[in-house]
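Chemist: Sequence:
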Amino acid sequence: MVADGGPGEDPAAGDLDHAAAVFAEVRRRLFGIAYRMLGSVTEAEDLVQDVWLRWQTYDHAAVADPAAFLATTTTRLAINVLQSARVRRESYIGPWLPEPVDTGADPYLGAERGEALSFAVLMLLERLSPTERAAYVLREAFEYPYPQIAGILQAGEAAVRQLVSRARKHLRSERRAPVTGAEQRRLLTAFVAAARAGDMAALEELLAADAVSYSDGGGAVRASRFPVVGAVRVAKYVRAFANQFWDGVDVQWANVNGQWAALLQRDDRTFTVLTVDGTDQGIGQVLWMMNPAKITAARVVT
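Numbered by UniProt numbering, the letters in the sequence shown go through residues 1 to 302 in order.
Please keep in mind that the hints were generated in silico from the structure rather than gathered at the bench.
Mixed in with the good hints there might be a few duds.
Said to hold, decoys possible - Quick list of in silico lysine to aspartate or glutamate cross-link-like pairs, EDC-like style, CA-CA up to 20 Å:
(1) LYS236 to ASP267
(2) LYS169 to GLU126
(3) LYS169 to GLU132
(4) LYS236 to ASP247
(5) LYS236 to ASP210
(6) LYS169 to GLU115
(7) LYS169 to ASP280
(8) LYS169 to GLU204
(9) LYS169 to GLU157
(10) LYS236 to ASP199
(11) LYS236 to GLU205
(12) LYS169 to GLU140
To be verified - Ranges of calculated distance between the beta carbons of each label pair, as one might list FRET restraints:
(13) THR296 to ALA193: 24 to 34 Å
(14) ALA62 to THR189: 47 to 57 Å
(15) ARG161 to TYR58: 49 to 59 Å
(16) GLY248 to ALA62: 51 to 61 Å
(17) ASP250 to HIS170: 34 to 44 Å
(18) ALA62 to ARG225: 42 to 52 Å
Backbone N, C-alpha and C fix where the C-beta goes; we use that ideal spot for every residue, glycine too.
With the hints as constraints, model all of the structure from the sequences given.
Modeler: This is the structure:
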C-alpha cells in the first residue's frame, strides 16, 4: 500500500503503514535509550509501546525528522518514568539491581556503542539526576550532538555540556578501570568454581579488597537484604551458603549487558543470574540477580 493512497485505498491506512515502517526502523534505538535510562527491560518495553501509541495518532506531516522526534519523545517519557521509579525503588525490598538484557543475540538494543550498558555503569547512573542520566546516555551511548540533546532536554547547549561533564566525572571517580571481556569471563568462571567449592582462599584472592556483593530478590525469594562489603566478608558470606545453595545446580553461560554471566539452573529453570564486575584490582562487585520477574530475558549462549 502506498503512503498517499491509490484508487480504492484508504489514505489514512497508508499513512499508518508508513508511520509503522518509520517506527520499526528506529525501534531498537528507542529501546536502547529507554533501557539505559530505566535499567529495566519491562519498563523500557512498556515505554517504547507508549511512544508507538502516541506516534500512531500524531500529525506525521508536521514532523520534519521522525527519528529525532521519536528519540525526543522516548527520552522525555523516560525522565518522567525514572522520577516515579525512584520513589518505588526507595521501598524496594533489598538492593535493587538493573534487569539483565540479552545482548548475546542483541534482539533489541542495536546500539552503535556499548556505553552505559554494563551493570556497573547502570548502577552508577542511578545516582545521577534523571536529566544528567539522559544527557549522558544520549551523548555517550548514541553520540547525539550537543545542540540536539539541548533540544531534547529543553536546555541550553552550555548546560547540557555541563550535565555530561558532571556525569563523566562522577563515573570516573566512582569506578576503577574495567578489564577486558576475556578477563571478566575468567574472573567470573573462577568465582563460580571457588564459590561452589566454598574455597575461602580462592575467593579472597579473586576479590578486590573493597568488593561488594549485592543480592536482588525483590522480596519474592530469599536473598540478603543488605550489601556485603569487603573481600573477607564477601568470601565468608559466599562460603556460608555454599553447600545448600549450589546443591543440584547446573551452570550455563549467557551474554547479558555486554558481559558474561552465569545462569544458575535447577531442574532446567534459571533461578539466578550471577555476574561480576571485573576491575584492575580484582572483582569489585558480585551481582546475584534472583528476582524471578527480572531474570526472564537472559538466554543460554549456544
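Chemist: May I ask which of the numbered hints given earlier this structure violates, with the numbers listed in increasing order?
Modeler: 1, 8 and 15
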